[in-house]
Each structure stands twice: as C-alpha cells, then as structure tokens.
Amino acid sequence: MEIRETHSFDLTPGEAVRLQEKLRARISFSGDLDEVSLLAGADASYVKGSNEIHAVVVVLRYPDLAAVERASASIETSFPYIPGLLAFREGPALLEAFRNLRSEPEVIFFDGQGVAHPRGLGIASHMGVLLDRPAVGVAKSLLLGTAAEPGAPRGSTSPILRGGETIGMAVRTKERTQPLYVSVGHRIDLVQAVDLVLATSRGYRLPEPTRQAHLYANAVRRERNGKGGQTSLPSGGR
DNA sequence: GCGACAG
DNA sequence: ATCTTGTCGC
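Here my numbering runs 65 ahead of the position in the first sequence, where the first position is 1.
Treat the hints with care, as some may be off.
[Stated by the list, open to error] Simulated crosslink set (SDA-like; lysine to any residue; CA at most 20 angstroms straight-line):
{"#": "1", "residue 1": "Lys205", "residue 2": "Arg219"}
{"#": "2", "residue 1": "Lys239", "residue 2": "Pro224"}
{"#": "3", "residue 1": "Lys87", "residue 2": "Gly149"}
[Stated by the list, open to error] Ranges of calculated distance between the beta carbons of each label pair, as one might list FRET restraints:
{"#": "4", "residue 1": "Ala264", "residue 2": "Glu214", "range": "20 to 28 angstroms"}
{"#": "5", "residue 1": "Gly79", "residue 2": "Thr231", "range": "14 to 22 angstroms"}
{"#": "6", "residue 1": "Ala284", "residue 2": "Ser95", "range": "15 to 23 angstroms"}
{"#": "7", "residue 1": "Asp129", "residue 2": "Leu76", "range": "35 to 43 angstroms"}
{"#": "8", "residue 1": "Ile147", "residue 2": "Pro218", "range": "35 to 43 angstroms"}
{"#": "9", "residue 1": "Arg289", "residue 2": "Gln243", "range": "17 to 25 angstroms"}
{"#": "10", "residue 1": "Gly114", "residue 2": "Pro183", "range": "23 to 31 angstroms"}
{"#": "11", "residue 1": "Ser221", "residue 2": "Glu288", "range": "36 to 44 angstroms"}
{"#": "12", "residue 1": "Ser223", "residue 2": "Ser115", "range": "20 to 28 angstroms"}
Rather than coming from a laboratory, the hints here were simulated on the basis of the structure.
None of the values given here were measured: they were computed from a predicted structure.
Using N, Cα and C, we set each Cβ at its ideal position, and we do this for glycine too.
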C-alpha cells in the first residue's frame, strides 16, 4: 500500500500525547464503504527480552474470507508499552508492513482501540488516519469506559459508555467467551464496524482478519527467531 | 494522592 | 505482548 502520510514516531510520551490530540480532529465517524471485497487484519508480536517487533498484515477476500495476501516487517522499537500510547510502539512496524503490501483492502481491523481511547485516538484511529483508510478497533479488553456484559447469544452487544456517550460496543462474537470491544477507527460508523466484526467471526472469539494476523505474526516471529521463541507446535483442535 | 491501564 | 502443560468444558 502506498503511504502518503506519516510523521516522526521518535517522540517523548508528552509529545506523543500532543500529537494524538491534534490528529483526533481528523477522524471520520461516517462510513463511505460500499461493498467490501477485501479486508485486512493487522497485528504485532514481540520477542521477550529484546526490542524486536514483528508486524503483519493479512488480507482476506470478503465474504468467503479466503486468504489473499500477507505482508510483514520486523524492526527494532525503542518506545515502551504505555497504556494509551500503543501506536507509538507498534505504529512504525505496522506502517512498514503496509508498505510491503500490494493489495488495497477496503477496511482494516486493528488489535486495540479506535476512538474508545483517553484522547479519542487509539491505534486503529491513528493508523486509519495515516493510511487514509477505513479502520476498526477490535480489542480484547477495555482501556476506557464501561460496558455491561452482553447477552449470552452470539451477536449480543452492549454499549461502551463514557459519561453518557457511546464510544464503542462490547460484542459477543462467540458464546461462552469474553466479549470483544469494538470501536470506530476511521471512515466507518459503529454499526457497520460491529456488523463487519460479526460477519467475519466464524467459530472463534476473534474475527478472522484479526485471528489470521495473530497467527501469522507469531509464525513470523518464530521463523525470524531460531532460538528464543517457542518450540512446540500448536496442539490443534477440530 | 491513589488506582486503572489496549498490546 | 510474553512465559508454559495439562486440563476441564463444550
């Protein structure tokens, strides 16, 4: 993918916060999506004792979810994990992975929050704005706000509230598992974002784009890491 | 001041 | 995120 815009990621936490406050104004909460034919999932994995970060993007065809393309990038990061500043840790690697991608997915799922963030600019919104592409935040836990437990059936939802405002939706993508927390990233509305997450969740808690990205990110880390990584193979399950 | 806190 | 084997439940 062509990345027309970027900025320095070599910032102090304070400078990063100011940049978030500035970029948040550019988020579009409305959807301009017609028919989705390609969607992507992005994720990153790390090597325990080092600063290595392996970022990947997996593109799937919609609605059959067949794999179309995978791209990755492995770099050194210096920014630590600070709640609220995740994009400054994973962003550089993710953008590099997108540069290595040839497909043009219409929507991208990110691991983490969209606007359900202290400054309204979680990693999904941040990347969405820089890539100027519809983006959805799919998080496994909450960073901001509260949400009642969604009903038991798959597809049940419950709003993520923050001072009376709905900033996202808790979504039950699979029965008897913890809900996912979906929020608008960029150029999409919450209803469509939730619809897409549910439409791409097939038998697992994580929607396929995110799940495939997770698996690929771990695979990339392992092959680029002959020793320090995990040696056992997934035990499987069917 | 204290606790919470995406990945 | 990462470290880890078996184990309980669907």
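Original post:
For which of the previously enumerated hints does the structure constitute a violation, in increasing order of number?
Top reply: 5, 6, 9 and 12
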